[in-house]
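Turn these sequences into a full structure, and let the hints guide you.
Protein chains in written order, with my numbering: chain V, 1 to 119; chain E, 1 to 227.
Note that these hints are calculated values from the structure, not bench results. Careful, some of the hints might be misleading.
Among chain V residues calculated to face chain E with C-beta under 8 Å, some are [unchecked claim]:
hint	residue
1	Leu12
2	Lys53
3	Ala68
4	Ile106
5	Glu108
These figures come from a predicted structure and were not determined experimentally. Glycine included, each C-beta is placed from N, C-alpha and C at the ideal position.
Each chain is listed here by its residues.
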Amino acid sequence: MRVLLVDDEQELVETLAERLNIRGIEARWATTGDAALERVDQENFDLAILDVKIPGISGIDLHKKMKAKYPGLKFIFMTGHGSHDDFTAGSAETGADYYLLKPVNIEELIDKMTKLMTK
Amino acid sequence: MNRQLDAEIKTGLQFFGKMTASISHEIKNVMAIINESAGLLEDYSLMAEKGMPIDPERLKVVSDRIAAQIRRADGIATNMNSLAHSVDEFRKSVDIRETLALAVGLTGRFADMRSVILDFQPPSDFPAVITSPFHLLNLIWRVLDFAMDTSGAGKTVGLTFEAGPKSVKIRFTGIEALTNEPSTVFPTAKETALLGMLGASIHQDAEKGEINLVLPKDVRQQVTAES
Chain V
1 MRVLLVDDEQ ELVETLAERL NIRGIEARWA TTGDAALERV DQENFDLAIL DVKIPGISGI
61 DLHKKMKAKY PGLKFIFMTG HGSHDDFTAG SAETGADYYL LKPVNIEELI DKMTKLMTK
Chain E
1 MNRQLDAEIK TGLQFFGKMT ASISHEIKNV MAIINESAGL LEDYSLMAEK GMPIDPERLK
61 VVSDRIAAQI RRADGIATNM NSLAHSVDEF RKSVDIRETL ALAVGLTGRF ADMRSVILDF
121 QPPSDFPAVI TSPFHLLNLI WRVLDFAMDT SGAGKTVGLT FEAGPKSVKI RFTGIEALTN
181 EPSTVFPTAK ETALLGMLGA SIHQDAEKGE INLVLPKDVR QQVTAES
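Listed below in structure tokens is the structure:
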């Protein structure tokens, strides 16, 4: 499984990517919308994990751009705040497959990723 | 409640809400980084238990990262505390340098989200004004918000001040696109209300791309741009 992590907090995506790599999941990261778009053009990914708020572009707009170019790509959103209702409404609006609250539990993240890839 | 007072309270509450929401997002990000770093240390220890060699330098990188996030959280908490205490008194002596540093600290995340750089260049003096700290912070935020929106992504908004005999001038610079903005757009009714409460005035210099906020050294005195 190849995953792209996008969040403006470099230390977060860097560390999370290393933890996923340790677990045999190939993870790359980007900290801006432009860098993320560049990476998906250069490499094949199965899944993108996006922060809802990214400098210069919202995660939701970034998701739309990526989805338009790569319809097979799956998405999980990470957010600092939100209720279950927010997530349900957000998922309906964005078409995101899952939302996760920060701080993320890595086992829960991997569980969601696995479910998504076997859907 | 009278309509103007109602609007002033609403403006103040919106500012307070916006700042505390932003602070809570920052705290969540700090927690997320510390959470992943702690998890990574646990991963390393499990790997070591299985006999896999772990480079001590990797451990140092992670512990440095945690220490840096603790310092960041300390700064966020300090700013939050200062914001909370800004409503303690509505007329007190305020250090302009400290107030601007706090405003820049509170605005940092909004600047990052817009890919705008805030460049605070304080001169060597420490002027004080007698004013309402909360309303002053609110007004500085509103000018910065406008300046960041107007300057656009990739630009730098500068911030400095000059002390005169009766007033302090806060200068917001680098707002190059100000020339394209009709002067009627800013200040809006919200800034005008805050200016009235602080006895302050705003002057735009489209040619220089600057907005100057002139504050009286004592809120009971009205000032002009030249005071």
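Here is what the structure says about each hint:
1. With 8 Å as the threshold, the beta carbon of leucine 12 (chain V) comes within range of chain E, its nearest partner Cβ sitting at about 5 Å, so the hint holds.
2. For lysine 53 (chain V), the interface hint holds, the least distance from its beta-carbon to any beta-carbon of chain E being 6 Å, beneath 8 Å.
3. Checking alanine 68 (chain V) against chain E by beta carbon gives a least distance of about 22 Å; that is not within 8 Å, so the hint is violated.
4. At its closest, the beta carbon of isoleucine 106 (chain V) sits 6 Å from a beta carbon of chain E; the interface hint therefore holds under the 8 Å criterion.
5. Proximity of glutamate 108 (chain V) to chain E is violated relative to the hint, the smallest CB-CB distance being about 12 Å (cut-off 8 Å).
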